[in-house]
Amino acid sequence: MFRLSAVIKGIILTVLLAGLSGVSSLGAEEVKLHAGMASPVMLAGKKQNAYLKVSLTGQIRAGRQRSPVNIAIVLDKSGSMSGEKIEKAKEAAIVALRSLDANDIISVITYDSTVQVLVPATKVSDKEVLISAINRISAGGNTALFGGVSKGAQEVRKFLQKNRVNRIILISDGLANVGPSTPAELGGLGSSLIKEGISVTTIGLGLDYNEDLMTTLAVKSDGNHAFVEHAGDLARIFDYEFGDVLSVIAQAVEVRITCNEGIRPVRVLGREAEIDGREVVVILNQIYGEQEKYVLLEVEVPPVADGGSMEIASVDIYYAGMTSKKTKGGHRRGHLHQKVSATFSNSAESAAASMDKDVMLAVIESIANETNELALDLRDTGKTQEAQQCLNDNVLYLKTWEKLMNSPKLRILIEYNRQHSENLDPEKWKQTRKGMRNLQNWVKSQQSYNSQNDEDNDDNDDDKQQEGQAK
Amino acid sequence: MKPRLFIIFLLIVLMPLALLAWMGRRMVRDEREIVRHQFENLLESQLRDIDTLIMKFLQERERHLQDITDRIYSDMEKSSIRALIRKESIISQAFVMDPKGRLVYPDQTGALNNNEKAFLDRSRQIWMNKELLHLPVAEQDISQVEEFEPQQAISYSRNDEQIAQVQNKPVQQVSIPQNMNILISQGRGWYLWYWGRGIHLLYWQKDAYGSVIGAELDRVRLISDIIGELPDTSPGKSSFAESLITLTDSKGSVIYQWGAYEPPENATPKVSYPLSHPLQSWKLNYHISHGEMEAVINRGLWFNLFSGLAAVGLALVGLAFYFYRESSREIRQATQRVNFVNQVSHELKTPLTNIRMYAELLENELDEEQGRGRNHLDVIVTESQRLSRLIANVLTFARKKKSQLTIRKTPGVIDDTMQMIIDGFQPTLKAKGITICFDGNAAGSVLFDPDILAQIVGNLINNVEKYATGSGELKIATGQEGGSTKITIADQGPGIPEGQQGKIFQPFYRLSNKLTDGIAGTGIGLTISRELAKKHGGDLRLIHADKGACFQLVLDTPTSENKPGG
Chain A
0 MFRLSAVIKG IILTVLLAGL SGVSSLGAEE VKLHAGMASP VMLAGKKQNA
50 YLKVSLTGQI RAGRQRSPVN IAIVLDKSGS MSGEKIEKAK EAAIVALRSL
100 DANDIISVIT YDSTVQVLVP ATKVSDKEVL ISAINRISAG GNTALFGGVS
150 KGAQEVRKFL QKNRVNRIIL ISDGLANVGP STPAELGGLG SSLIKEGISV
200 TTIGLGLDYN EDLMTTLAVK SDGNHAFVEH AGDLARIFDY EFGDVLSVIA
250 QAVEVRITCN EGIRPVRVLG REAEIDGREV VVILNQIYGE QEKYVLLEVE
300 VPPVADGGSM EIASVDIYYA GMTSKKTKGG HRRGHLHQKV SATFSNSAES
350 AAASMDKDVM LAVIESIANE TNELALDLRD TGKTQEAQQC LNDNVLYLKT
400 WEKLMNSPKL RILIEYNRQH SENLDPEKWK QTRKGMRNLQ NWVKSQQSYN
450 SQNDEDNDDN DDDKQQEGQA K
Chain B
0 MKPRLFIIFL LIVLMPLALL AWMGRRMVRD EREIVRHQFE NLLESQLRDI
50 DTLIMKFLQE RERHLQDITD RIYSDMEKSS IRALIRKESI ISQAFVMDPK
100 GRLVYPDQTG ALNNNEKAFL DRSRQIWMNK ELLHLPVAEQ DISQVEEFEP
150 QQAISYSRND EQIAQVQNKP VQQVSIPQNM NILISQGRGW YLWYWGRGIH
200 LLYWQKDAYG SVIGAELDRV RLISDIIGEL PDTSPGKSSF AESLITLTDS
250 KGSVIYQWGA YEPPENATPK VSYPLSHPLQ SWKLNYHISH GEMEAVINRG
300 LWFNLFSGLA AVGLALVGLA FYFYRESSRE IRQATQRVNF VNQVSHELKT
350 PLTNIRMYAE LLENELDEEQ GRGRNHLDVI VTESQRLSRL IANVLTFARK
400 KKSQLTIRKT PGVIDDTMQM IIDGFQPTLK AKGITICFDG NAAGSVLFDP
450 DILAQIVGNL INNVEKYATG SGELKIATGQ EGGSTKITIA DQGPGIPEGQ
500 QGKIFQPFYR LSNKLTDGIA GTGIGLTISR ELAKKHGGDL RLIHADKGAC
550 FQLVLDTPTS ENKPGG
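Here the protein sequences line up with chains A and B, keeping their order.
Going by numbering that gives the first Met the number 0, the first residue of the first sequence is number 0, and it counts up by one from there.
Going by numbering that gives the first Met the number 0, the first residue of the second sequence is number 0, and it counts up by one from there.
Possibly wrong hints are sitting among the right ones.
Said to hold, decoys possible - Stretch-level coverage of chain B by chain A, calculated; a stretch enters the list once three of its residues show a Cβ under 8 Å from a Cβ in chain A:
hint, stretch
1, 76-83
2, 86-97
3, 103-117
4, 207-219
5, 243-255
Simulated from the structure, these hints should not be mistaken for lab results.
Positions of the beta carbon are idealized from the N, C-alpha and C atoms, including for glycine.
From just these sequences and the hints, can you work out the full model?
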């Protein structure tokens, strides 16, 4: 039997170790930078595409004081949430609330057809008042999701400070049907919010929510996304999310990769990026403690003679440190710098041997993810056959690499892709689609937790998984 | 008496109330229309306030955008513009256009990022038509500016009709530059176009050479921020419990709504209000539940009407009660007086009877010769007879009131009784200069009440004695026909004036003229006489006579089988 929780635990450990054993990082900073090529030794005398990975890991030091948070909990209380869902959501919100202290700011917004700012942004000083306000929520009505998030953003904006973790947590089980309600529009809102340093974490409940809407909003605003099929799992997911939020090390992270003369940036895998000539800019909203966030750049490298070496790019990271001392400007701007270079050889063996497994793994994950996305698009347009073929090819691709790398994460991806390819028929599609989106988003966002409860993996041991995640 | 009084008082209270209520209802109906109108005005003014709120917000955005475009003008490096766009959350893209209408940024010939591609895609029509070049900032505008004093500025306000008519044309403000170091703005304003899901807003500034620098507001973000500005559905925030305000876009779909009311599908709003430029295709709609609206409209009106009615009703009831109390007290007092008189009369009756009896006995015992004494005795007898009649009248009146009047018919001859009565009056009448001429034609034995006959005729003769002194002959005639007896009593006195003939039978009515002045009377004699006559199955009438008063008494006197005294 396939045990998701154990595997995830494994992955997280691996990722952590990889992050900790970073080869070269500059400065004893709270954020560790590691930039490297998938294969630092490349074949000589040939124009080729190569992958560059910029990896950022937050460091949690002993005695660290967490940064204060500024959270808006946006809770869907439309008719479909009535019963267990709303109760569990309330419980989860209350549990989350209890983990905050007087430096934190919280607001609670509920929406059905209209929006209610239940608790305007306020310091968490009197928890009991807030809890009783949350307890009074009851479900009924339509879903004005856009309005809810907008009001949430408005509340967060009241205390928008660079040294706070500014976040909206949206819990919904439905489709948006009042106000702007297309994934593009919600994504647009996410893109705009991230410019202000506000991320939206979306938690989809049940099987009826619009996963494109929820994931786009989360991805574009660099928030987390989780899909909770059973309301009972909500508290756990909320716990993870709060764990993330409370562990934020750096915010407003700008990754600037400047390619050297002759090197052409092709694209950034799985992330929004701005490529201008030889300069690539990627914005990450935050770096969590002991979690790796990375940027994968595909570059075109010109032919270089055997034995030669070439500087590929220089990487600059600018970020707002959360735990560092405040300067006059309010927050400190951190800067990390690293140069990436490659050597060239005629020997294919030495090139293969030089392969950085960690970077390559990220590349494979991203490519497999893109294939998975393509399959979803195909299935959406009714091309079930092609979609299945696409997924099967993906499984083969992943299996080939899995033999080489022996990676547990690749095994998870293989298993998921296999399951997806088997569950494309109409009666299972709704759930499979959510699973695919969730998987895609999990890989893309490089988020620590994944809430997917696959049908076949219902024997997941919650406690074990939680243990693994907490690590 | 009591129920009638009650009905009268009820009428006094209810009639004016009903009238007032009816008038009030009509007034309320008219008033309702006015109030409904005022109410709709109120709703509209609330929507106008919201519009003002949104426009204020847009003005802030305008200032922000002006700052952004100024900054672009000061540094037109591509990377700087890109960095600015990355940082500014409210805009989705910016552009720089040279005076010939060529885009300098984003440069279509160079490498574009996704954002820029998408922007060029959705704004293609603008660049193709070079619409921004033809913005209403012509050279003459600039020359106009120069003609004015430096402090003054030409500004076409939002409400300028010309501008409002041309929907797609931006509002322009031509103003004197405030900062010479930055953009020398020869025009600025909103430009709007429709693409994809709705309206896109672009803010532009034009420099002296005709270059246009602009920034596009992020459409979704704009909506989100406007939502942020608008109220939410917290209890107590809206003026009316069951109302909903919606903001709809150009397609009529709801962007945002607030209020604790779910209008039925496709319900038309009570009031709609389009937003001001540049969002004139958006509308604010006020939905309010019918019940709530009626309640609000009626609240004041019916309350006023009902409170008015209640006040008037209360006043009327108070007044009626006061009158009722007054009148009932008077009635009670009158009754007490009547009772008192009755009792006194009753008490007087027995001693008077004794006085009469003994006086008459004494009269019989006295010799004819004892003239003086006999004359005195006559006076006593007649005066006591008069007094008996008076008392009889009072008692009869009292009995009539109590409906205790009874008739006891006995067989007898009318003429005999008449003769007896006349004999009783002879001495006094003689003294007053009246001679009785009796023409008796009722000698048949009939059934009648001699006491009542005596009372009636006595009253009539008494009146003659009182009011027709010295009038000469008093004609009394009797006649019988069938079962009734007719008695006519005609004097030669002053008679009764025409106008008052109808009233003489009313109780306590006394003719007021020289004749009656100084003559005592109770005013109930004729009343009682007529009542008694009616009780006896007949009537007492005043009939026409050439001179004096002529009364005709008719009595029902069935023929008696037994001979009287037989």
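Would you list, in rising numerical order, the hints stated earlier that this structure does not obey? none
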